[in-house]
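Trainee: Below, each chain spelled out in residue letters.
2 protein chains.
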Amino acid sequence: MVNDVLRDLLDGRWADLRRTSRELVGTLEPPPVLDLEAQRALVFEQLGLLAKGGHPLTGFPAEYGGADDVGGSVVAFEVLGFGDLSLMIKAGVQWGLFGGAVQALGTKVHHDEYLPAIMNLDLPGCFAMTETGHGSDVQHLRTTATYDPTTEEFVVHTPDAMARKDYIGNAARDGRVAVVFAQLVTGGEEHGVHALVVPLRDGDGQVLPGVSIEDCGHKAGLNGVDNGRITFDHVRVPRVALLDRYGSVAADGTYSSPVEGDARRFFTMLGTLVRGRISVAGGAGSATKKALALAVRYGETRRQFTRPDGSEVVVLDYLAHQRRLLPALATSYALHFAQEELVSALHDVTDDRARREVESRAAGLKAVSTWHATATIQTCREACGGAGYLAENLLPQLKADTDVFTTFEGDNTVLLQLVAKGLLTSYRDHVGDLDQLGMVRFVADQFVGAVIERTAARSIIARLVGGSGDGLLERGWQVRQFEFRETHVLEGLARRLRRAGTGEQDPFETFNNAQDHVLHAARAHIDRVVLEAFVAAVDRCPDPETATLLDQVCDLYALSVIEADRAWFLEHGRLTPDRSKDVSRAVNELCGQLRPHARELVDAFDVPESWLAAPITRPAS
Amino acid sequence: MVNDVLRDLLDGRWADLRRTSRELVGTLEPPPVLDLEAQRALVFEQLGLLAKGGHPLTGFPAEYGGADDVGGSVVAFEVLGFGDLSLMIKAGVQWGLFGGAVQALGTKVHHDEYLPAIMNLDLPGCFAMTETGHGSDVQHLRTTATYDPTTEEFVVHTPDAMARKDYIGNAARDGRVAVVFAQLVTGGEEHGVHALVVPLRDGDGQVLPGVSIEDCGHKAGLNGVDNGRITFDHVRVPRVALLDRYGSVAADGTYSSPVEGDARRFFTMLGTLVRGRISVAGGAGSATKKALALAVRYGETRRQFTRPDGSEVVVLDYLAHQRRLLPALATSYALHFAQEELVSALHDVTDDRARREVESRAAGLKAVSTWHATATIQTCREACGGAGYLAENLLPQLKADTDVFTTFEGDNTVLLQLVAKGLLTSYRDHVGDLDQLGMVRFVADQFVGAVIERTAARSIIARLVGGSGDGLLERGWQVRQFEFRETHVLEGLARRLRRAGTGEQDPFETFNNAQDHVLHAARAHIDRVVLEAFVAAVDRCPDPETATLLDQVCDLYALSVIEADRAWFLEHGRLTPDRSKDVSRAVNELCGQLRPHARELVDAFDVPESWLAAPITRPAS
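Those protein sequences? They're chains A and B, same order as listed. Read in order, the letters of the first sequence are residues 1 to 621 in full-length UniProt numbering. Read in order, the letters of the second sequence are residues 1 to 621 in full-length UniProt numbering.
Treat the hints as calculated values from the structure; they're not laboratory data. Positions of the beta carbon are idealized from the N, C-alpha and C atoms, including for glycine. There may be inaccurate statements among the hints.
As the list claims (entries may be wrong) - Under 10 Å between C-beta atoms, here's a sample of chain A residues computed to sit facing chain B: (1) Leu36; (2) His134; (3) Gly135; (4) Arg307; (5) Thr374; (6) Ala375; (7) Glu392; (8) Asp435; (9) Phe508; (10) Gln515; (11) Glu563; (12) Gly592; (13) Pro596.
Turn these sequences into a full structure, and let the hints steer you where they fit.
Mentor: Quick look at the structure:
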């Protein structure tokens, strides 16, 4: 029996879309183990089913038959995460990255030419940004697009092996064209990274002259996605191939752009692609929910070792088992609500500063959500013992497929540093825009103090923080701990950079020596944003009994975050030793209290049953 | 250039065997991605090469052509961990588990009949202990072996689906016989779990009447090992099929045993199989070393993002990257030396109490080493970004293959509880032998206080502990912290159990409420044993310069353990807040100091180059 109130609360603003998307995913089922080509073929076929089922329409413009629903497109992607993750990523490559780049970086001529065929899958394509030598640092990628005014063409070229496009989805098998990111050169002058549409294969699937494509081969997971390496040998494309919303080249080679500065233009372009990052966080969340649903169902039926009376103990009755699964489950709830807030913020964003704040939050939530996915799915696998290692029980594929989430669409460690930069500069500019030297100077000159900007439930949070109760289960106390940690860590970091910035130290050394501090600042910030989203969700829960349950889940989230970092709170005088031990005790107690509700909590995720149909969830007896 | 001193120190007591085993492994190379049957066939073929190469001889008795070298057999298995882990596990099933059970639980008649054919692989076999319903709690498994005196046969039977043998290696394809663990019944009386040799397939590989075998199919990894499920339908085997070292049945059905009590007999039998657990810890160590070697090589050449002067930064120069890899590397050193000590202790063990101490340490080190493997290989994968996700770079297979180590050969969470029981009872009896009620009573009556029993370098440790220096880099201070934590946590646990034991509380609740405390006690104990082994290794290092380097690695190990649990030290007044922050700073500094030696440290593991031959270790430029 699903708790409808809980499910509807989780479904939130895009409830209808979630329901129909779940139905669409529920018509599919886990594929058998297949060889590489068969798996790719199956996923491509299912991609066609998604196209027919209307999945891609959500995010595209109404004038091309779409729904103009940016937030909805992220939500629809997230729901795909309940199904085959290869299909989810393949859809993300085709409609999110490739289609999204044409939409965001191109102009009407590109939209007219490409969007209909992208949406109905007549034109499978690639998003060719990453190179072998530059993955995180895409600003320095080295493919060139040199304008030749005599023929009014761009010459796209890979100067050496490290500049080849690498790990490009849709490249090895299906892609007909690619949006290629390259350093634009015209009249002998470089203008930074721009994107062009470059054909890869003809209508028969033959690779075109000047293009070489290598298959990346087997990967740890996501083998239904055909990643490849693309090398260009002086490939000529017409002038119109340049996606010219943020920079164009006239017939005579004159460059112009509405955005000043190569770096700023680059980060403006990247910013339009923030949706991909948010989508990955959502997909990771769905995969985590599925793993938790499997592990909780197993934990509720599996018995091992006997009580003194001879009866066998259900494993979820063990404290250690609860400790593994229930704080992770609470965190999945927290991240779900934070994701929902972020998708709404993306959907509604209007001004530049808010856009930068969304970019920063997207970076942080992507890092936190994907690390949570990797850790939790691993925990769920272990919590199912040997059974969790068998392919038939679905956890191996989940683990293998999600593993790359921590490093693609932005390496998590790099992303958290972007978050910290955004905080230090109060989103003054695009988060990637300041180099180390610029950062140190900026902080030395302008940082006055950390400011808590609440992203959700502003009035409730203000009231909670204003309270004086300091019981561990007082939400106000919990929020104050989160806020104190955020501001204290950030201000300490700023002082440290400023001190170093006024001295002789190399800015690289300054930044590098503080790198663990930087990561901690980002993490503390995201934790607080996540808690706020959870508090807001509890507040809008319409049913008192469900709200009480959710309140406990929120307690478990808040206290397990504090427990995990309690050394910091002890070091900074915010927890006494006795109280710190009380936090651990409270987490234990909450685990015991929530244990009877574990099944209800995972059932509310409403993962389609066809994707939970594993022997492990229906044990022989 | 390998540092020979370091390599020889790591090679230790079985240096010659390690070298020849590495040479044997070095003749092989990573297999391509194959389908299930092809992978199993390849592994079986390579198992034959190992047999021809003399690998299995080490551990078997001299009278059958072996070398009677128990410790050596564990070391030889460990070295296989540099190669294909499917092959390692397949070898472990055939010669360690199956062959080891015949050797340890059988008598001369069984040795004569089976050992030669086991060693030369004429008789592939299974170790059929785990059942679908009972994995960790094997004492309660439910397959029966009922003696029929009219025919002088045992009837082996699977009463229901949960009692089928499950996850049994060698069962799905190659096994001709199985050592089957079953509840022995004779004359209507149960005598607990015993082992019998039961034929599974005839000479043509056809499954015999009464036996049904199901293939477990694809697993997350180790797909070269053919795991299966075995069901017995009243299968009759002769009386001699019983491996009767610890219990025999006369022709008339009379049962006799040299060990009193079913439970004690069972744990005595299990104890003879401790080698398997130690072997898994060793194999996990080798896999971890390989992952670190790959990640450090990549980290030393990969560049990303620029310094203010425009040069690109080698990623291992980033503090965050060092933080991920170097404490893990230091821990791998520590665990290596602890493993070496344990193998020596196993090899030399004579009395029962020492044997129980070895069993306990084996359980603890297996848990710590395999969790370290899972976490570190994951970290290495992430540290290699997208490249680490490609099969060609070897990390995916390493991850997938080692994942099950945390839950097989004893679930880690269960194993740590055995360690704590051993500590609480001072190894009074076999660690599994006391149930919850017995434990609570025993502790209430007899526990007088935690005793630190040093397992290595006793005199050096005593001298260090006697010192008064309290600098963070003073080894004496570090050891005192480890010892204090161990005794304090254990004594607190004993007080807690005793208090509950004298009250009315259900012993299950008593134990369960303290489960996180139990796990912490075990962990603290194992950490201290590991540190001691490392201290001893530094002490016996013959070259002063290498000893200085190793000393720093040991500092990094000790301080990163303290840092990870610094909340506990703060809570218990053993670290002031300022000093706690100093610990983190010292870890950062040690990372910086060891960074130039990272390559030297992984090279000393001497992983055969054929197993590191990945594009990632020879980047294009």
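Trainee: Please flag the earlier hints that this structure goes against, numbers listed from lowest up.
Mentor: 13
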